[in-house]
Amino acid sequence: MSRSGPGGSNGHEPPEPGALAPDAALPLFPHPDARRGVAPPRRPWPIVGVGLLALLLAALLGLVVGPGEWSLSALLSPADDYAALVLREVRAPRVVVGVVAGAAFAVAGCVLQSMSRNALAAPSLVGVQPGASLGVVCGLTVLPDASQATLAQLAFAGAALGVGATFAIAATVRRAPRGLALLLAGMAVGMTLGALSTWLVLSQSIGRDLLMWQAGSLAHARWPVLAAMAPVWGVGFVLAALLAAPLRVLALGDDAARSLGGRPLLVRALGTLVVLLLAGATVAVVGPLSFLGLLVPHMARALVGLDERKVLPVAALLGAVLLVLADAAARSFQPPRETPVGVLLMAAGATFFLLQLRRRGARRFSLSGGGDG
Amino acid sequence: MAERRLRWLLAVVVAVLGAGLLLGSVAVSPLDALAALVGLGDDHETRAIVLGLRLPRTLLAMLVGAALAVAGVLTQVLTRNPLAEPGLLGASSGAGLAVLLLLTWFPWSAASPMALPAASIGGALAAAAVIALLARRQRGLSTLDLVLVGLAVNMLFGAAMSLVALSMPGLVHRALQAWLAGSLSNADPVLAIACAASLAVVLPAACFGARTLDVHLLGEEVPVALGVRLPRLRLWLMAGAVLLAGSAYAVAGGMPFVGLVAPHVARRLVGPRHAQLLPGSALVGACLVACADTLGRVVTARVETPAGILVAVLGGPWFLWLLLRAGRRAVA
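Protein sequence lines, in the order shown, are assigned to chains A and B.
Residue numbering for the first sequence is 0 to 372, as defined by numbering that gives the first Met the number 0.
Residue numbering for the second sequence is 0 to 331, as defined by numbering that gives the first Met the number 0.
Incorrect hints may have been included.
Derived DEER-like restraints, expressed as beta-carbon distance ranges [stated by the list, open to error]:
| id | chain 1 | residue 1 | chain 2 | residue 2 | range |
| --- | --- | --- | --- | --- | --- |
| 1 | A | R357 | B | G51 | 37 to 45 Å |
| 2 | B | L9 | A | G233 | 52 to 60 Å |
| 3 | A | V234 | B | W320 | 32 to 40 Å |
| 4 | B | V302 | A | D144 | 47 to 55 Å |
| 5 | B | V221 | A | R257 | 21 to 29 Å |
| 6 | B | V221 | A | P143 | 56 to 64 Å |
| 7 | B | G169 | A | L59 | 36 to 44 Å |
| 8 | B | G51 | A | Q147 | 48 to 56 Å |
| 9 | A | S258 | B | R324 | 29 to 37 Å |
| 10 | B | P168 | A | D144 | 19 to 27 Å |
| 11 | B | M113 | A | P223 | 50 to 58 Å |
| 12 | A | V63 | B | S184 | 47 to 55 Å |
| 13 | B | G38 | A | D144 | 56 to 64 Å |
| 14 | B | P168 | A | V63 | 51 to 59 Å |
By construction, these hints were calculated from the structure, which means they are not laboratory data.
Backbone N, C-alpha and C define an ideal beta-carbon position, used for all residues, glycine too.
Chain A extracted, bound-state conformation:
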């Protein structure tokens, strides 16, 4: 019994009764009745404009907020006094990394949710976070005084291992919808890697350091780290932009996409690569920030609808603004102590998301576009 929507059928074999079919594909041209009672998604340009403005303001706020009184002119002045130094070497890279990392994680989450048509998909579920954790834990075990740069490299290597293993296993899974296979493989790989790292943590008592890393923080963002990871992020963003339209086609289901000339396996492979590049690099530098990968795509979809070509840029802007603001808040909450930014993100973002949900209803931005229950 396959779900045939007005725009096309799901594309893969009909599930057995009782089988957990993944959320059905959203037709490209929704039947008028399917959106009964729901306002059509708004055009993205006003939102993008507002988003860019918000980003600029957030960046300025991020530069200014924090212990001490700095004025912006210190940023541009060639003087080498302490204020200028702090602004240039500490705050500015922090804000830039915040923008890039926030956007990267949000876009990675979008791509993954599009590929798997699952509302619960997040980069941490395809091996990025468990792999990176394992890398960091190994690093902390073997080299207790490892520098941040080394830890970042190890984290990225771990993330690559996690995602690579997930994709390899997902490719060999038989008789499963491709999107679901990726998530299931990610679950299995994630559990195994997570168990390994937890074991290491418990036996080596690195717990506190790891907990701080797991909370996520921009405190270690400096220009060298940014320069090292910039190519990775750059390639990731470019690939994601190129994949927006193919992902839209993939939403019809693998078979239908193939008949339209798409190449589902290639799109999924590239999509997984995007997730690794964007999310892996971000986790390596900032630590895991699950909220950005999981809820920001939903918020973006609530604003502009389901078209990936609109959702990706909006999600990137949302993620960037949220992370920079959260980081500024983290610095000003209990100075000079820093509250982990991930925690603040989750608290504020989840509240905001709940309000949005109550107001608009989940039907508005579900990946399946089904009727009310």
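Got chain A; can you put chain B on it based on the hints?
Same frame as chain A, but now just chain B:
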């Protein structure tokens, strides 16, 4: 085919029970264990170990595993999402936050055997109530809202937990970590009654309504067309899942992964129809947690490794292996 697999699983569970009785820091030979079980044999020490310590503990582990696995199946049916686990309905984060607040405000309560379990059940129910209220639409619980609201509320509670935990002294921290890891070493057999009672009520009821559960997976319109009363069904599913998960967390702490991976392993073994999936998941969950607990007692010399960690060690590769071999059934 599925029936054969179920019987095979049952045999595995019995074998795991046997292993749980035999393995441990004190070696017990199979014959002595059998004699102790049956009531013969005059070795009081063996009898005390086997009957007094290992049997209740292994049975408790199986109970917890079965409860969490069935809760996982119910959650996945309710949300129609294979990534869902009982924690999505707030059980684990609510329980965890309640436990943390209790440890923070009354640090001595860690010693009392009843305080933490009571807090965890209360927290689980409270969190689930919050999610249910927020996910309510005109026609009962909405599946989509449930998933997203559950996500958001879990994040809120998780953020609250992190904020509180990071500013707490190390002792509270460690107690919370121990609770989150999930362990049966402090399990009180009295609580087993609550867990067993909820399992005894929910599992047969769910098996009785297995066809309805199958139908619920077919979407939003089909069940209604077939006469299923969706709002009531969803409420029962949620209540059953939270009850099972909450009582399991009360016994063993926030044991992760079982509710997520046991249904998937079972689906690969016995197929997706709930008439077999429900008992199959219960058996898989029982097997996983009992194995993990036994291993935890054996593998490290003097200190026990919490069962929750070993569940991931065992369940991950098991699930991985099942994914890799050429399946004869669709995984969905």
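Whether the CB-CB distance between B:G169 and A:L59 falls inside 36 to 44 Å: At roughly 39 Å between Cβ atoms, A:L59 and B:G169 fall inside 36 to 44 Å, so the hint holds.
Verdict for B:M113, A:P223 (Cβ pair) under range 50 to 58 Å: holds, 54 Å
B:V221 paired with A:P143, Cβ distance criterion 56 to 64 Å: For A:P143 against B:V221, whose Cβ atoms are near 58 Å apart, the range 56 to 64 Å holds.
Outcome of range test on Cβ distance (A:V63, B:S184; 47 to 55 Å): Because 52 Å falls inside the window, the suggested range holds.
CB-CB spacing for A:D144 and B:P168 relative to the 19 to 27 Å hint: holds, 26 Å
Pairwise beta carbon distance, A:S258 to B:R324, judged against the given window 29 to 37 Å: Between A:S258 and B:R324, where Cβ atoms are some 31 Å apart, the hint holds.
Supplied distance hint 32 to 40 Å, evaluated on CB atoms of A:V234 and B:W320: holds, 34 Å
B:V302 versus A:D144 beta-carbon gap, inside 47 to 55 Å or not: Because 27 Å falls outside the window, the suggested range is violated.
C-beta pair B:L9, A:G233: status relative to the range 52 to 60 Å that was hinted: Given a distance of about 56 Å, which is inside 52 to 60 Å, the answer is holds.
Hint check for A:R257 and B:V221 - Cβ pair distance inside 21 to 29 Å: Given range 21 to 29 Å: holds, Cβ gap about 27 Å.
Beta-carbon spacing of B:P168 to A:V63 - inside the hinted bounds 51 to 59 Å or not: Between B:P168 and A:V63, where Cβ atoms are some 35 Å apart, the hint is violated.
Hint check for A:D144 and B:G38 - Cβ pair distance inside 56 to 64 Å: holds, 60 Å
Of the numbered hints given earlier, the model fails hints 1, 4, 14; all others are met.
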